[in-house]
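Participant: Next come the chains, spelled out residue by residue.
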Amino acid sequence: MDLLNALVALLNFVVIPATAYGAQLALGALGVTLIYGILRFSNFAHGDTMALGTGFVILVTWWLQSLGVSLGPLPTAFLALPFGIAATAAVVLLTDRGVYRFYRRQKAAPVILVIVSMGVMFVMNGVTRFVIGVEEIRFADGARFLINANEFKKSTGLAEGLAFKASQAQTIAAAVLVVALLFWFLNKTRTGKSMRAYSDNEDLALLSGINPERVVAVTWIIASGLAVIAGTLYGLDKSFKAFNYFQLLLPVFASAIVGGLGSPLGAIAGGFLIAFSEVGLTYAWKKVATYVLPEALAPDGLAQLLSTDYKFAVSFALLIVVLLFKPTGLFKGKSV
Amino acid sequence: MNTRNILLFAGMAALIVLEGSTTFGGIFGGSWNTALFILNFGLLSAIMALGVNMQWGYAGLFNVGVVGFIALGGLAPVLIATPPVTEVWTAGGVGRLVFALIVGLGVIALAIVLNHRLKGRVRLAALCVTLIGGFFLYRALFDPAVEVIEAFNPATNSNLGGLGLPVLLSWPVGALLAAGAAWLIGKTALGLRSDYLAIATLGIGEIIVAVLKNEDWLARGVKNVIGIPRPVPYEVDLQASPAFVDFAAGFGAEPVVASTVVVKLLYAGLFLAILLLLTAASELALKSPWGRMMRAIRDNEVAAGAMGKNVTGRHLQIFILGSAVCGLAGAMMVTMDSLHNPGTYSPLRFTFLIWVMVIVGGSGNNWGAILGGFLISFLWLKVEAWGPAALEYLTAGMDPASPLREHLKDSAAHMRLIALGLVLLLVLRFSPRGLIPEK
Amino acid sequence: MSFLAAENMTGGYGAADILHDCTLTVDKGEIAVIVGPNGAGKSTAMKAVFGMLNLRKGQVTLDGQDITALTPQDRVAKGMGFVPQVNNVFPSMSVEENLEMGAFIRRDDFRATMEQVYDLFPILKDKRRQPAGELSGGQRQQVAVGRALMTQPKLLMLDEPTAGVSPIVMDELFDRIIEVARTGISILMVEQNARQALEIADKGYVLVQGANRYTDTGEALLANAEVRRTFLGG
Amino acid sequence: MIVVEDLHKHFGGFRAVDGASLEIAKGSITGLIGPNGAGKSTLFNVIAGVYTPTSGRVIMDGEDITGLPPHELFHKGLLRTFQIAHEFSSMTVRENLMMVPAAQSGETLWNAWFGRKRIAEEERALAKKADEVLDFLTISHLADERAGNLSGGQKKLLELGRTMMVDAKIVFLDEVGAGVNRTLLNTIGDAIVRLNKERGYTFCVIEHDMDFIGRLCDPVIVMAEGKVLAEGSAAHIMENEAVIEAYLGRGLKNKVKAEAEAEEARHESHGAQPGLGDEAGQGGAA
Amino acid sequence: EDIKLGVILGFTGPLESITPSMGAGAELAMKEVSDSGKLLDGSTVTSVRGDSTCVDAAAATAAAERLVTTDKVNAIMGADCSGVTGAILANVAVPNGIVMISASATSPGLTSAEDNGLFFRTAPSDARQGEIIAKVLQDRSISSVAISYTNNDYGKGLADSIQAAVEAAGGSVSISAAHEDGKADYSAEVGALASAGGDALVVAGYVDQGGAGVIRAALDTGAFSTFMLPDGMYGNVLEEKFGSELDGSFGTVPGTDSAGGATFLEMATAAGFDGSSSYAGESYDAAALIMLAMQAAGSSKSADLAAKVMDVANAPGEKIYPGELAKGLELLAAGTDIDYVGASAVELIGPGEASGAYREYEFKDGKITTVGYR
Ligand SMILES: Nc1ncnc2c1ncn2[C@@H]1O[C@H](COP(=O)(O)OP(=O)(O)OP(=O)(O)O)[C@@H](O)[C@H]1O
Ligand SMILES: Nc1ncnc2c1ncn2[C@@H]1O[C@H](COP(=O)(O)OP(=O)(O)OP(=O)(O)O)[C@@H](O)[C@H]1O
Ligand SMILES: [Mg+2]
Ligand SMILES: [Mg+2]
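Protein chains in written order, with the numbering used here: chain A, 17 to 352; chain B, 196 to 634; chain C, 6 to 239; chain D, 4 to 289; chain E, 17 to 390.
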């Protein structure tokens, strides 16, 4: 019986990675859920907006680094964030002008906007690759670990290591902070409320003197901010590769939807649900069981419910089960 | 159909003919082979688009698990037409596998019965015991059976093999497989609405593809099955046949070209026949009181229910029909490729691209979906060549040695997606409700 | 010159015109009521006055100023308030937020106005935190009117404010409308509870097929037997 | 005909219907009135199978129909209209009506493919019937208009028209009158009476227009706060103090004094204006 | 004559980051030959690129169809992923009688594909590598390993053959689990792998795909410190990405102790691309083989050159290294036999696939150092 080692193993391989991954998903899902909540369509271009924004951040980071600027233990990319957000917001606002506004005026059905956003996705996808290329880029600097696995082993004398990366901590902190801000903004500020009003009933918002173009612009700007923050943190933790950002889209959508579309809290809950089900349900309990159980009972097999081949399948299955009981997500989302 | 629509279809046909007959400065291929390939691909896509249009256009069901149904349909040619692997039958693998599957179904059936018969806490406990116990029992039977099957010649087999029947038979079987899955899914998930149904179906699609990728015993998983039998002759056989060579010479054609064109034409004939049949059936249905009822349900489910229409039942019906059509197309596609390659089933390609076809064509309208299928297929296949060419043209004025130009040319392949996106946006800009909108 | 003068409005949603040379005017502090059969174009006329319809002909002036070319939200800024006939609440926002949205263009403290609205419709105070989409039909109607009152407009336009509200609330509402008018605010409303509405009206319009059929004082219209029979249900 | 036993419908903690028991007699035109938010529409929705009740039973002709889905209730002859119109907005007005009748043979795929002739005949008959209904509702010129483009009142008429397409046993009308021109409403009232007399339909009518209720309904049930407050003949109900207090009010009379004061002020600012004098008092609940 | 060669690779899609170097490798060989002016009396060779997307069989087939029937290419270098390669082979190459040499399709299934003698590959079948890896592990006395493979025919096929070989040699495989390329997160995979344990982790993936992600996560959590890296994981980027974190890890990559590999790296650097990127050398060799076979056949037609591919690739004859294509062409013109070695020590066996000589390397102080050849 070695509860301590079992606990550390569980923390190291399940709890910490899943929490960090969940926060990453949640940050992406916040952007998706915001667009859905206010502009009422699922924005397929969000993944590529994240990629483009991160691309800008990387370019500025390189420039800053070439000037010798650094943030000490924090990644230089944080300094570049505002530039990245500004540039991305500009691109996104231009896209809105050139593309989405037309359909808004037409009062096109949401599904048309979804398909249009796919068109935008393709274009942005290509533009990102023109700007920054397809290669994998690592742009993280600063301290890498808060707790390093080997040092942890040495200092505690345990058999199991525990790792906690700085980027993981930053992501979790950012997710919590951003969701609180967004929640506060949407529910307490005048602009936030006017955005919700616009999403509820566009015509009536007009009759209340709300300027729809302003609402739309603010929404896009915030969404760009969210996308760039999410993309940058993800890139710092893993690495930047344009294709992966596109792939991130599916779990991000899943998080936003299972949490309840339009709800910032739902995005967080959804992100964690997906992450924990992916990591937790396919975890092989062999190691933990060996520590906890007496030797005679230790499993020979992996003590794994399902192989990791099925991790997406498992998380999606869980998602479906949740939806069967809560048809509009955990936090009563919208549906158009 | 009005003149405008006929013109649109004529335009589409003209594009394909141009592709076959002229190069027009590199815009078209000038090869009947590519033209016919695009045509066949367009026919397949049109059928898939019809299936999605049934679900979305008629009934408003937001199914984005299309890829799953296409993939399931694609399983059929492998299971029906490839030669049987007698070794795993004699080794007892198949028998044990079937037994395991029957036990698995039995467990589920028992759970359903218990769910109906019992109440309250007892029910929960009984269900948990049955399902968990059943799962382990099933795995205990299933895993060794799979081991036997997968142990046989992993490089080329490790699967059940097929039944060695004619491949055409696999097309209806593909439809049935997809329909069966749709029934199961529809029973559970159709209570969901809009994007929530979307993500549920997306998940189911992913699950189906995951199973196809990872269950090697079924169809070799990601290791692919190649050389699936064809319903049409092989080009090399035609080239070797003196009769055919004479026949080709009669047209003044080279045997190689003639054989490739003839084979594609044969496929085109088969596909076209099926497309026409499906279109006729869909049009008849849509223009009848059945279609009116479906539109009513799509417009307002609550009111349709109050007016005596069984919304759930109809949703299930259309979900099954649409999925079956997708499954059929999946089987046809695998047959044409003579390759079963589950790695290829990405949602972008087989769900969202099909959706693009439906919306660009005009949802709710069969002709729209078909036109969208052809147009988007054409673009999907053609932009591959257009993108780099356009870039070449754009950068022609630049200094050949300039690093920017080099960079741009290196990225030329990505013009593919930009071009596709731009064309998509343009089409939707000029006909926001699709090329042939629903009236 | 009337405070609001919408003259010779002609136009519609698509090819066919709905309105034909329709004219509506309201003076300061006056209550004008539009009645007419279903589909006469009453709501359309209201929308036209508010700039939500493309007019082929005619012009709208407010306080002597030509506003024909202004967008609806600019008209709100000029002091016009409107309660549409349908879709007149923000369903997922709470009752209180609905009222706040009514005061969106106000920069001053609007809590007093909100209290007045709650006094007028006490049920709304109870349901303050509930999403408006979960209210009963009549309650929604009260939210809709309350939202418009929050704007403190100079011209208040109401499209069937009493549809679906109970008699007691209707009376309250009409009473309040009189009070509001007395503070110098002009009221233009469409009503199917036409007799009650015409009783408090200074001016009445009977609209048929997009054109003015009768225009008179409320009293006179009520006294007109022909009007009573064909449009007011006897 | 319909018996509601101790019905509850709670939304979260809120009791929209809170133990209502009532009976709708066969062949009657029962009125259902009550203040806004009394739970009338919720009660309708529970009876019509849109909501499942928290507790209680609904019995129709001796059969427990609690919790049956709406489409099955329709086949049992129970029809309803919606307070907020639920038209099929992208279909034409005529199609809105034609889709209603049950058991159309063209609604099965098999017939849609192979029974074209039979369908054509049925469709002709349906179209004729629909046109009659539209005629009656005075909107036959709109037969080919998209229902989404109708005016507010016209949509309410369409709601009513749908119930006239089939032979119902009982029809629940949720505020058909709101937004409908009063002259037309009188005609509709006549039609309801006729359907009731000639075809034996039972009606249950929610309405806030007391003229209409008074002319048509017997008995009248009054709901308040989710419970039945009173029941009786229309005349009887209108004199019930509790009902007047909660629902009917006393018209604008109690404001007359204020009116008189206002009179002077108005004379100053506007010159001669039509007074609102005593006449106004006759409004409201009259 | 202007000879056209098709280059069909997944320039967009999951392999988009390694295909530019592969394309550049093939084109480097073409340029070398064209510049020499020695091929078939001064013919030039130009490349026509097609996008296989790696995953979409239809798009790949269409691209190949365009190359063959519109651009009239004489032969094809490609495709990259085994799935689309099979599709192009069956639907375009065989019907049209076009030679196809793939640099990276390693699936054992392709060995037995119906190819009419038209299909070759400069990458060895995975079956062979499994045995080599088992030996390497045995020599390093690593008896138990965990395997993480990329979930496609390459990864799965390789994992299968490694597992079979390791177990046959008396070792054990604690777990063999897939990872999907291009996904957001690999914590679940690493968690399961760590739990299963083992002396080393075999990562049968791609260096710029999920494979690197798995290593990253395994290193960060301290789950494994020794990695065995098969060919798909080889590349200079490993040094950049992981540096000395990988010290003690080792791998195998096709190669011989001939000078070819190093020469190619230099040539690539001069030409401005990364020659160490996966399959770049094999791509150069594939293109070179096609052109040498043309010279040997005295014709640029696929029908003629197909029979010569094996001859020029294998002994006997004079050895030809990268950068010596001109010499090879001259020798062939003179009727002398050659044995093309190229960048990846080409040796074709059986139905036309690389025999599989491997280089074993190891990480020392953050650098890749060669241990020996097998
Ligand atoms: N979905 C819901 N969630 C929460 N509360 C609800 C919901 N639907 C209705 N209610 C509440 O239930 C009460 C009864 O509503 P109902 O619509 O039945 O009233 P009603 O008697 O029809 O009123 P009206 O005459 O205004 O139509 C109201 O107070 C309303 O706020
Ligand atoms: N969006 C629209 N598109 C096309 N026609 C419309 C539209 N809205 C209304 N109409 C038509 O315009 C005419 C007038 O409609 P309007 O809504 O103004 O009537 P109304 O007088 O307000 O009637 P009600 O008393 O029933 O509300 C109707 O015949 C209606 O069918
Ligand atoms: Mg109106
Ligand atoms: Mg109601």
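FYI, nobody ran anything at the bench for these hints, they're computed from the structure.
Here the structure is a predicted model, which means the values were calculated and not measured.
Among the clues, some could well be false.
[Said to hold, decoys possible] EDC-like, lysine to aspartate or glutamate: derived pairs with alpha carbons at most 20 Å apart:
#1 A:LYS209 to C:ASP113
#2 B:LYS482 to D:GLU124
#3 E:LYS257 to A:ASP157
#4 A:LYS350 to C:ASP113
Participant: Going back to the hint list, which numbers does this structure go against?
Facilitator: When the structure is compared with the hints, only number 4 turns out to be violated.
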